[in-house]
Amino acid sequence: EPYSYDLTCVMCTDEEVGVYPGAYYLADKGYIRGDVICGEMVHGVIGVGFAGSVHFKVTVKGRSAHTAMWWTAVNAIENALPVLEEVLKLKERVIARRSEVPTIPTPLGDRLIPLLSLNMMSGGVKENVIPSECSFSVDRRYIPEEDEEQVISEFIEAVEAGKARSKALSVEVDTVRVYKPFKVSPEAPIVRKLAEAVRHVTGRQPIFIGVAGSTDMGYVAQKGHDVAIMGVGDVNSNFHGADENIKIEDMLAYAKELIYLLCFQPAFNSPY
Numbered sequence: 001e002p003y004s005y006d007l008t009c010v011m012c013t014d015e016e017v018g019v020y021p022g023a024y025y026l027a028d029k030g031y032i033r034g035d036v037i038c039g040e041m042v043h044g045v046i047g048v049g050f051a052g053s054v055h056f057k058v059t060v061k062g063r064s065a066h067t068a069m070w071w072t073a074v075n076a077i078e079n080a081l082p083v084l085e086e087v088l089k090l091k092e093r094v095i096a097r098r099s100e101v102p103t104i105p106t107p108l109g110d111r112l113i114p115l116l117s118l119n120m121m122s123g124g125v126k127e128n129v130i131p132s133e134c135s136f137s138v139d140r141r142y143i144p145e146e147d148e149e150q151v152i153s154e155f156i157e158a159v160e161a162g163k164a165r166s167k168a169l170s171v172e173v174d175t176v177r178v179y180k181p182f183k184v185s186p187e188a189p190i191v192r193k194l195a196e197a198v199r200h201v202t203g204r205q206p207i208f209i210g211v212a213g214s215t216d217m218g219y220v221a222q223k224g225h226d227v228a229i230m231g232v233g234d235v236n237s238n239f240h241g242a243d244e245n246i247k248i249e250d251m252l253a254y255a256k257e258l259i260y261l262l263c264f265q266p267a268f269n270s271p272y
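Residue numbers (this note's numbering): 1 to 272.
Treat the hints with care, since some could be wrong.
[Stated by the list, open to error] Only pairs whose alpha carbons sit at most 16 Å apart, straight line, appear in this in silico EDC-like list of lysine to aspartate or glutamate: (1) LYS167 x GLU133; (2) LYS183 x ASP147; (3) LYS163 x GLU133; (4) LYS57 x ASP234; (5) LYS163 x GLU85; (6) LYS89 x GLU157; (7) LYS91 x ASP139; (8) LYS57 x GLU157; (9) LYS61 x GLU172; (10) LYS91 x GLU146; (11) LYS247 x ASP226; (12) LYS89 x GLU154; (13) LYS167 x GLU85; (14) LYS57 x ASP147; (15) LYS57 x GLU146; (16) LYS57 x ASP139; (17) LYS61 x ASP174.
Since the hints were derived computationally from the structure, they do not count as laboratory data.
Using the sequences plus the hints, can you model the full thing?
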């Protein structure tokens, strides 16, 4: 019998790096065609929405001196505080927003929310030396309904508001655009067919959710491809931690689901 699909297997190893990973290059060059199944996430859970991500590094500069000569110095750590205060005010506004994409229930509800997290901070070299530099890094996850340019501009506005209240000699912001957000309808053909394969193999109804994590598939989706994301992990896989693991039975089930989708379901029309 004639094949129903023209398959391309894309093996990219740099998803964790971001910015312009291999999947972006392959999408730009036309190697990724048609609808996409990405083998990430949890088995039986189909990702229908992912956050975009932007990283900010804010560097506050002052002037160092011995603590006893405090009047000749500008303390970079102390003068970073007004900037941090404005960033945290922005955080409260950010996390009040909601996506239409459902997600795992959290204390803030059952819809995907944008995030702003202060994750790294450094400054100072010695207990008796007033620091000349303090820096902090922010991980900003934005929902599909947010605009990346607005995400960046509102962060810079918050930093500028803090800078106006600070005596720092300078405040600089470095911006790294990591990944794009995306959402896909649970009714998209590739999503429906993957869901049907899960039901056929496991007898269970798959769950459709969005997550605040980011993926290189966001850019692929923006190139016009429907993307269904489901992998072989589970809640006990300890992603990115020690002893990260997957279950053999989930691997076998996933293989059967792909075989069922590709070989035993009618092919759907694709514009590619």
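Evaluation of the provided hints:
| no. | hint | verdict |
| --- | --- | --- |
| 1 | LYS167 x GLU133 | holds, 13 Å |
| 2 | LYS183 x ASP147 | holds, 14 Å |
| 3 | LYS163 x GLU133 | holds, 14 Å |
| 4 | LYS57 x ASP234 | violated, 33 Å |
| 5 | LYS163 x GLU85 | holds, 11 Å |
| 6 | LYS89 x GLU157 | holds, 12 Å |
| 7 | LYS91 x ASP139 | holds, 11 Å |
| 8 | LYS57 x GLU157 | holds, 14 Å |
| 9 | LYS61 x GLU172 | holds, 9 Å |
| 10 | LYS91 x GLU146 | holds, 14 Å |
| 11 | LYS247 x ASP226 | violated, 28 Å |
| 12 | LYS89 x GLU154 | holds, 11 Å |
| 13 | LYS167 x GLU85 | holds, 14 Å |
| 14 | LYS57 x ASP147 | violated, 20 Å |
| 15 | LYS57 x GLU146 | violated, 21 Å |
| 16 | LYS57 x ASP139 | holds, 9 Å |
| 17 | LYS61 x ASP174 | holds, 14 Å |
Checked against the numbered hints above, the structure violates hints 4, 11, 14, 15; every other hint is satisfied.
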